[in-house]
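Spelled out from the first residue to the last, the chains are:
2 protein chains.
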Amino acid sequence: MDLKDKKVALFLADGFEEVEALTVVDILRRAGITCQMVSIKNNDTSVISSHNVRITADVSIGSICFDDYDMLVLPGGMPGTKNLASCSTLTDGLRSFYANGKEIAAICAAPTILAGLGFLRGVRATCYPGMESQMDGAILTHEAAVVSGNIITGHGVGCAIPFALKIVEHYLGASEADKISAGIVYK
Amino acid sequence: MDLKDKKVALFLADGFEEVEALTVVDILRRAGITCQMVSIKNNDTSVISSHNVRITADVSIGSICFDDYDMLVLPGGMPGTKNLASCSTLTDGLRSFYANGKEIAAICAAPTILAGLGFLRGVRATCYPGMESQMDGAILTHEAAVVSGNIITGHGVGCAIPFALKIVEHYLGASEADKISAGIVYK
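In order, the protein sequence lines correspond to chains Z and U. Count the first sequence with the working numbering and you get residues 1 to 187, in order. Count the second sequence with the working numbering and you get residues 1 to 187, in order.
Isolated chain Z (complex conformation) (with noise of 0.2 Å):
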């Protein structure tokens, strides 16, 4: 399999961040990976983002499969990340993904979600500063974005570009990671 036929799912609900949702998708289609923007309302493809920007998801929970997808993605934000936690489709999803070693990726507030689910004891990790202590048994960095085997999570908002570029290089390889972030002129 190409690489690039990896297929990602990014999970909105109303209140997520919307630049860390949209770097992933962007930097991740500038890639060239297949990344979608799944709605967790079930026949509603339409959600609200933390500062009141409204999107239309590619597709809504109830329609996907989660077995066609290599990668989960959590944007952070509120309270789009209580509404992703309190979504059982989406943690039974997660719990699957877990438990068949794959890939989850979290940024800012919704690496705690992945704590909450006991996916986090002992591995390396980080998240928004001054959630740490819903972060139970992580070993905690405050690097931007961090990948533990196959968990990677990043800081905050502002740090969006480096977890997206994490993910690319995670399936792509440094080099390409390296083109998109020249690409993007990032500095």
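Certain hints may be false.
It does not matter which identical chain is used: a pair holds within one copy or between any two.
List of simulated lysine to any residue pairs, SDA-like, C-alpha gap at most 25 Å [said to hold, decoys possible]:
1) Lys7 / Lys187
2) Lys41 / Asp58
3) Lys187 / His142
4) Lys102 / Ala182
5) Lys179 / Asp67
6) Lys102 / Ser46
7) Lys82 / Val185
8) Lys187 / Gly173
9) Lys102 / Arg30
10) Lys7 / Gln134
11) Lys187 / Thr141
12) Lys82 / Gly173
Read the hints as simulated data drawn from the structure, not as lab findings. Just so it is clear, the structure is predicted and the values come from calculations on it, not from any experiment.
For chain Z, the structure is supplied; the task is to place chain U on it using the hints.
Then chain U, alone, in the frame of chain Z:
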């Protein structure tokens, strides 16, 4: 007037660079500055980004009065930049802002629109690398973001955060911009 009462219009055409646009919306709204997304379609607020994300603008250009705003912002992206450049309602508004010494900001490919209108003669400015030949008369820099009088330019999507922070700093000062930068854990 409280500087937070400043009102910014950010223009969206099909093919806009989503992260360049929404980083400005996100950061200005965090700072408490009003930022309205304006679709350049007369009676349609639905626009699609350069990486196929459909968003709903707040208003359409046919329903705004340019005099109500203090700053006009142009995101880049293709074909978004070309679409903005060929919208006469927008270019008329830009000319009026320029003639009245009001603020204009543009990032990535979009500073070439300002150059095409003759606004950058003798002005320090930046743009997406490779487009320098379309920056007639500008004193080119390769900074992430540049303020020169009433014109603010940004280098590319990788510099969307410093570009947006320059707008905050321009209106609210460096300490407010620093607070936002810390809040988003920008590194």
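Is it within, between, both or neither when you check lysine 102 against serine 46 at 25 Å Cα-Cα? Neither way: lysine 102 and serine 46 sit 28 Å apart in one copy and 36 Å across, limit 25 Å.
> Taking 25 Å as the upper bound on the Cα-Cα distance, should lysine 187 and histidine 142 be classified as within, between, both, or neither?
Replying inline: both (19 Å within a copy, 11 Å between copies)
| query | Is it within, between, both or neither when you check lysine 82 against valine 185 at 25 Å Cα-Cα? | reply | between (33 Å within a copy, 20 Å between copies)
_Homomeric proximity label, lysine 102 with alanine 182: Cα distance no greater than 25 Å_ = Neither: 29 Å inside a chain and 33 Å across chains, both beyond 25 Å.
Note to self: My question is about lysine 7 and lysine 187: at a cut-off of 25 Å on alpha-carbon distance, are they close within one copy, between copies, both, or neither?
What the structure shows: This pair counts as neither: shortest intra-copy Cα distance 28 Å, inter-copy 29 Å.
Exercise for review: Measure nothing new, just compare the shortest in-copy and cross-copy C-alpha distances for lysine 187 and threonine 141 to 25 Å and report within, between, both or neither.
Suggested key: both (22 Å within a copy, 14 Å between copies)
- Query: How would you classify lysine 179 and aspartate 67 at a CA-CA limit of 25 Å: within, between, both, or neither?
  - Reply: neither (30 Å within a copy, 42 Å between copies)
### Message
Within a copy, between copies, both or neither: which one fits lysine 41 and aspartate 58 at a CA-CA cutoff of 25 Å?
### Response
Answer is both; intra-copy 12 Å and inter-copy 22 Å each pass.
* How do lysine 187 and glycine 173 come out at 25 Å by Cα distance, when the copy is not named: within, between, both, or neither? -> Both, since 20 Å and 23 Å are each at most 25 Å.
For the identical chains here, do lysine 102 and arginine 30 meet the 25 Å Cα criterion within one copy, between copies, both, or neither? The answer is within: 23 Å in one copy meets 25 Å, while 35 Å across copies does not.
Margin query: For lysine 7 and glutamine 134, with the copy left unspecified, which applies at a CA distance of at most 25 Å: within, between, both, or neither?
Written below: neither (29 Å within a copy, 38 Å between copies)
Exercise. Could you place lysine 82 and glycine 173 in one of the four classes (within, between, both, neither) given a Cα distance threshold of 25 Å?
Key: neither (33 Å within a copy, 33 Å between copies)
When held up to the earlier numbered hints, the structure conflicts with 1, 4, 5, 6, 10, 12 and fits the remainder.
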